[in-house]
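> In the order they appear, the protein sequences are chains A and B. Just so you know, we're using our numbering here: the first sequence kicks off at -8 and counts up by one. Just so you know, we're using our numbering here: the second sequence kicks off at -8 and counts up by one.
Calculated directly from the structure, the hints in this document are not laboratory data. Careful: at least some of the hints might be erroneous.
Copies of one chain are not kept apart here, so a pair can be met inside one copy or by any two copies together.
The calculated lysine-lysine pairs, modelled on BS3-like cross-linking and capped at a C-alpha distance of 27 Å, are [what the hints assert, rightly or not]:
id	residue 1	residue 2
1	8	-3
2	8	277
3	443	297
4	83	117
5	83	8
6	8	-2
7	358	8
8	297	423
9	358	295
10	313	297
11	297	83
12	295	313
13	-3	117
14	83	277
15	277	443
16	117	-4
17	117	393
There are 2 protein chains.
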Amino acid sequence: MSEYKKKFVLDEERIPKAWYNIVADLPTPPSPPLNPATLQPAGPDDLAPIFPPSIIAQEVSAERYIEIPEEIHQIYRMWRPSPLIRATGLEKALDTPAKIFFKYEGVSPAGSHKSNTAVAQAYYNKLDGTTRLATETGAGQWGSALSMACQMFGLECMVYMVKVSYHQKPYRRSMMQLWGANVIPSPSDQTNAGRAVLAEDPESLGSLGIAISEAVEDAVTHPGSKYSLGSVTNHVLLHQTIIGEEALLQCQDADAYPDVIVGCVGGGSSFAGIAFPFLRENLAGKTNTRLLAVEPTACPTLTKGKFVYDFGDEAQSTPLFKMYSLGHDFMPAGIHAGGLRYHAMAPLISHAYDLGLMEAVAVPQTKVFAAAQLFAQTEGIVPAPESAHAILTTIDEALAAKEAGESRNILFNLTGHGFLDLGAYDAYLSGKLEDYDHPEEAIAASIARLPKVD
Amino acid sequence: MSEYKKKFVLDEERIPKAWYNIVADLPTPPSPPLNPATLQPAGPDDLAPIFPPSIIAQEVSAERYIEIPEEIHQIYRMWRPSPLIRATGLEKALDTPAKIFFKYEGVSPAGSHKSNTAVAQAYYNKLDGTTRLATETGAGQWGSALSMACQMFGLECMVYMVKVSYHQKPYRRSMMQLWGANVIPSPSDQTNAGRAVLAEDPESLGSLGIAISEAVEDAVTHPGSKYSLGSVTNHVLLHQTIIGEEALLQCQDADAYPDVIVGCVGGGSSFAGIAFPFLRENLAGKTNTRLLAVEPTACPTLTKGKFVYDFGDEAQSTPLFKMYSLGHDFMPAGIHAGGLRYHAMAPLISHAYDLGLMEAVAVPQTKVFAAAQLFAQTEGIVPAPESAHAILTTIDEALAAKEAGESRNILFNLTGHGFLDLGAYDAYLSGKLEDYDHPEEAIAASIARLPKVD
């Protein structure tokens, strides 16, 4: 075997000291969120019932860099810098001239990138006097990350977990409870939003949109409580840019600047996290890195949704956001990548996609699991089903490089490990997984129900 | 908060190039294994049916250092060097003047130290022409590590998994299958050894001793097959010394040479792995580090066993080893730390303990889980139940330092993560865990049944 360096790990002193805000550099500003009653731009006051002031300030900021407080930086150092790893085993199996690198966020406490924003949100809420946070979770990666962060800052944590995932991933529930959170399956009978869904469909599998409605309602009806969101909003994408800022330095250390960056998208925060610092370099005219988002065919927001104003949740309790959407009452199939079952896409990702600054592709879950198994067998890491979407497309890109006879540098975001998703692997290995290609008519119908704003 | 460095990670170039063999430095040589029929020292020929020649050479070697082949070193770099982490959160919670460090082996593919020897054993077997390996596993850490290693070297893998763990930890089974292994619960009807146990007790929970008997029988009755063991034997302890050799360098980098090293013991390999390089320094008169082994009260091999010749397995198919033992037909309670349910202790550990070179303590599982939860809440890592035994004793040591008003350096071995043990945490959190203090009479009875050799 030839000599190579397998891992690129920064010294703690080189962990970036600021998050990067893409808003400062976009060629046109993103459309503002709207108050659904007035259809006027939503201001900080519209967000005050659910978010604390310092989070709202970040949500509406146009500053290019926002300093990471030392208290957060110290907690980041529990798992950061996350390693950049060269996938030499996968390269060999594919016999590709491409160099494949992945940024491994599975080293965090809850096992995914979600800890990057969970710690920041818990910190700012604590600072602003919040005593309790309510949130939703899909596959449980976000809920467990926030549970741990709340534990560290002495906040109570209430988690509404999408019912299909609650039953598919019982270990995630135990993990949240270990960190002191209260976890219930959504839709639940704890909120008006949940009761309304159950009245219509007592067997509802739940969705992120419904769970968000429950968590928002919970937050505004409990004193001292705020709501915390694991993706989609600007401040969450901001916090995740620590991934890309580290990766930039590590790619320089590896002497392998990426030709293409691949990442999965559900709400879009991990993709923004790794991609936006590289998009900054593109926008400055220094580089021309392709940015490629991968979504499930069962929830094809970018590839089949529309760029419209829509609600962030099923019960229409959020402001209206301009984003790619399948409609806020879109109900995706119960695929195992629960974290990608969201009807819409982060406004900043949507805007960048609309401007042609990035690409998107949709892939089916059986191929995703086959790619995941190849990765586990060659790189030794069991990936989360969400992250495995990026692995499949990375393999396709590496094979395209082989076909073209070019040694391209491919960087993908391995957002989390799959140790708590082995039930899904069991279903795959025993031939029980199905693919879901959501019918065009169903998508058209849910989009037709959207509020007409434009 | 004060400034501190949280993680100590070596450059890949500083990963040690050799394993350390304590046999070269022990003040008296360990007693040889015996052929049970002749009671004469067992030679390489006695081991040839189950191990390949290059493993046997390591098993009987007295060389101080054995070079790590480059092929193994390259695979080690998938996860090595494992980080040395300062447990600042735990220190703060305990308000102790002690500095607590842990070596985190949970970063490996299968999530524990077991990968260190699995890769080495698969490599040497491949080199010597083996095409298939049979093994046993308790909690599944060893079985999954060997499955991954066999996958990487193109060997078939057959795993007999102790039945109580097979049902407690279904995700471990899926993980082994993902890496291509064949996994069956033990006792099984696949072997004479398994059928004999089932005939006597169809409801047998199994034990490591029984599963070893099945795997050994399987190996010797299938062409091209050899047996692979995850602990106890000299060559396994040898491979694990990469942990302690790295830790030595990292403790120097941290300017915190350990006053005491704490580790859990089942078969003893992870403890030997971290402790023996430091024991070398003690034996050379350079240091005086305390070495403290922690075992479960349900299987108190060092603290209540006898130092005698005994078989390594239930069916008496191995040579006789001089070791601390509870008797080869000792049946420990079904505690959740399945990896610690072994009736005996590695001969090299037993010899060192007998010589007074190390200490041992036994702890009950409910206290272990309470310590594990505190660690998860303060350090963000969910520990394996086995590893959590070391956490409990580390806490006791840190509180003793506080009582004494001394700033001691404590190093413990966090041998694995507990992501696949969350069912056990669920049992703990819902108050369903019990402690088992094995009755002295039962221990005395099983020891009385031992072969009389001395």
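> Within a copy, between copies, both or neither: which one fits residue 117 and residue 393 at a CA-CA cutoff of 27 Å?
For residue 117 and residue 393, neither the intra-copy (51 Å) nor the inter-copy (30 Å) Cα distance is at most 27 Å.
> Which holds for residue 277 with residue 443 at a C-alpha limit of 27 Å: within a copy, between copies, both or neither?
neither (40 Å within a copy, 79 Å between copies)
> Please work out whether the CA atoms of residue 8 and residue -3 approach to 27 Å or closer within one copy, between two copies, in both situations, or in neither?
Answer is both; intra-copy 26 Å and inter-copy 16 Å each pass.
> At 27 Å max between alpha carbons, let me know whether residue 83 reaches residue 8 within a copy, between copies, both or neither.
Between copies, since 25 Å is at most 27 Å while 36 Å is not.
> Indicate which option fits the pair residue 8, residue 277 if close means a Cα-Cα distance not exceeding 27 Å: within, between, both or neither.
Within one copy, since 22 Å is at most 27 Å while 42 Å is not.
> If the cut is 27 Å between Cα atoms, do residue 83 and residue 277 qualify within a copy, between copies, both or neither?
neither (31 Å within a copy, 46 Å between copies)
> Within a copy, between copies, both or neither: which one fits residue 358 and residue 295 at a CA-CA cutoff of 27 Å?
Cα proximity of residue 358 and residue 295: one copy only (20 Å, versus 54 Å across).
> Between residue 358 and residue 8, at a C-alpha cutoff of 27 Å, which is it: within one copy, between copies, both, or neither?
Classified as neither: same-chain Cα gap 39 Å, cross-chain 40 Å, threshold 27 Å.
> Should residue 117 paired with residue -4 be assigned to within, between, both, or neither, using CA atoms and 27 Å as the limit?
Classified as between: cross-chain Cα gap 25 Å, same-chain 41 Å, threshold 27 Å.
> How would you label the pair residue -3, residue 117 (within, between, both, or neither) given a Cα cut-off of 27 Å?
between (39 Å within a copy, 23 Å between copies)
> When no copy is specified for residue 297 and residue 83, does a C-alpha distance of 27 Å or less occur within a copy, between copies, both, or neither?
neither (40 Å within a copy, 51 Å between copies)
> Checking residue 83 and residue 117: alpha-carbon separation at most 27 Å within a copy, between copies, both or neither?
Only across copies: residue 83 and residue 117 sit 19 Å apart there, 48 Å inside one copy, limit 27 Å.
Violated hints for the displayed structure, listed by number in ascending order: 7, 8, 11, 14, 15 and 17.
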